[in-house]
Amino acid sequence: MSALLEVCGVTKKFGGLTAVNDVSFDVGQNEILSVIGPNGAGKSTLFKLISSFLRTTSGEVLYEGKRISDLKPHVVARLGVVRTFQETTIFKSMTVRESVIVAQHLRAKASLAGYFWGTRTARADIAAFGRYADELLEFMGMSAMAEELASNLPQGHLRALGIAIGLATDPKVLLLDEPFAGMNPEETMRTVNLVRSVCDARGVTILLVEHDMPAVMNISDRIVVLNFGEKIAEGTPSEIQNNEKVIEAYLGSADDEVGI
Amino acid sequence: MNGVTSKQLIGFGIFLLAIFVGVPIVIAATGRWDFYFTLTSVALLSIASAGVWLTFYIGRINIGQGAFALIGAYVSAILVAKAGVSFWISLLVAGLFAAVVSVLIGLPILRLRGVYFAMITLVLTQVVTLVALALPITNGAKGITSIPLPGGISLLGLQILPPFDSMADTKLAFYIMASILMVLTYLALWRLVNSRLGHICRSMQQNEELASSIGVNIAYIRIIIFAISSFFGGIGGALFGSISQSVYPSSFQVTDSVNFMLNCFLGGLGYVFGPMLGTLTLYFGWDLLFTLGKYQLLVYSVLLILVIRFLPNGLLSLRLGKLGKGGGK
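Chains as they are written, first to last, in our numbering: chain A, 1 to 260; chain B, 1001 to 1329.
None of these hints come from the bench; they were simulated from the model. Remember, predicted model here, so these are calculated numbers, not experimental data. Possibly wrong hints are sitting among the right ones.
To be verified - Per label pair, the in silico range of CB-to-CB distance:
1. B:P1136 x A:C8: 53 to 63 Å
2. B:I1305 x A:N152: 27 to 37 Å
3. A:R202 x B:L1112: 32 to 42 Å
4. B:L1318 x A:N152: 21 to 31 Å
5. B:A1018 x A:S197: 55 to 65 Å
Don't be surprised by glycine CBs; every beta carbon is placed ideally from N, CA and C.
Go ahead and model the full structure; you've got the sequences and the hints to work with.
Rendered as structure tokens:
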């Protein structure tokens, strides 16, 4: 499995605090890799470093062998590495369908002036945006709520909308920020299946940051464990479950919390 | 989302009839020729207000439109009075010049949000006034006076428009000119808001981080929008200079900048045609309260507060017409 995304010795310091310390790992093509760790382990910071929402102090992130750290977020998105957000970061006063249409910005062939004058390319784009939005919403199982205002959606669907917005950009790598947080087991299972099919059916490589242990064990091909900003383990779910360091540092001594 | 309904077309037709036929008839019947000047002012001020509305659309409170109106007024006045350039060319140059200046100013300040951006723009008008006082080309406090009236337009030897000074009724000519430009401005604004750029603006207004995560170059869009906004300001200012045939450093002051913003609030930030209605109401409202003498400002302010308190989405939220509904919800 060749590495699509390489995190090489990434470090982030906030003043005297080292939030992420010399973390390295690779994400392979079409893989689901999860980053886990206790609160304050630096997961979210690492996430923002990979999507270039934060600048690295040292080290770099490579995508297809090219450096993507310290670029503008929209440039990284253009290259194919797209992040989603936690919870309620959505376009509140747009409908579900409008959100997915506006999110297809990177698929646009016409220029902004072209849309203003209504050129043929622009009109073709608009039709294509609509079609793709419908297809995507059907894939996500959200067709029924296409015309619903985003702010009226229940929490589970909000998360799905966030993923739909990310998918609408045609990403190669999708970074999911705690996709299962605040969900009941049933919603979690549904979302796990959804993420799995995003990876399998659409060929999107997935990197996710998560707390929910059973879900992570279920969904991940590989797991990276952070503690106090450092990587303490990396491996398949079963390797992680049996790793002494992880059990000690992150899970305490109780094996049942791992969800076995 | 982009289609025009027949209801909207009819509404637009009625609106055109009202300003180009209705108003002249009413004025001829009542003999209130002074209304031409008032309505011309409303038209040119609402062009500048349209720009402010657009910056609201990307979530920025712009209290600096007076600065760009003043820049536009001076550029046009200098070109026409000192260089003998045709007014029509100077009008375009004034808009473009204001847009270029706004890009230079916008690059550093558009990173700011909310009240911080508003505070910086509030200072701009004063800065431009001071620059106009200091520069030799703007004639300092004496300003530029006796600006010639707009000349004619001829294409391939064919006269399309006669020079304004050969016309019998200059007031009517100015009124028609300002109204046409106002209609064009709002058509452009409406089209922009309902095109992809408008959708992107809405996404940025709601969440800039999310917008940038889907690949929108938010810094670039902000600059484009601010430039378009200032272009409208420059056009409005140039028209003002031409109509009053003079420009002074005090032609546009901080109060005017605040008024441009109030026009948008009053008309409704959710409606493309809000600033037009806001300008009309605010301008006429002030005039009508003139009879109250020293209580004019007091009553006016109280009324404004009441409107903003009870109609936070502006006058158009009274559903006077769906014509102006922006964003195509």
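Right, here's what the structure says about each hint:
1. B:P1136 x A:C8: 53 to 63 Å: holds, 59 Å
2. B:I1305 x A:N152: 27 to 37 Å: holds, 32 Å
3. A:R202 x B:L1112: 32 to 42 Å: holds, 39 Å
4. B:L1318 x A:N152: 21 to 31 Å: Given a distance of about 25 Å, which is inside 21 to 31 Å, the answer is holds.
5. B:A1018 x A:S197: 55 to 65 Å: The hinted range 55 to 65 Å holds for B:A1018 and A:S197, with Cβ atoms some 57 Å apart.
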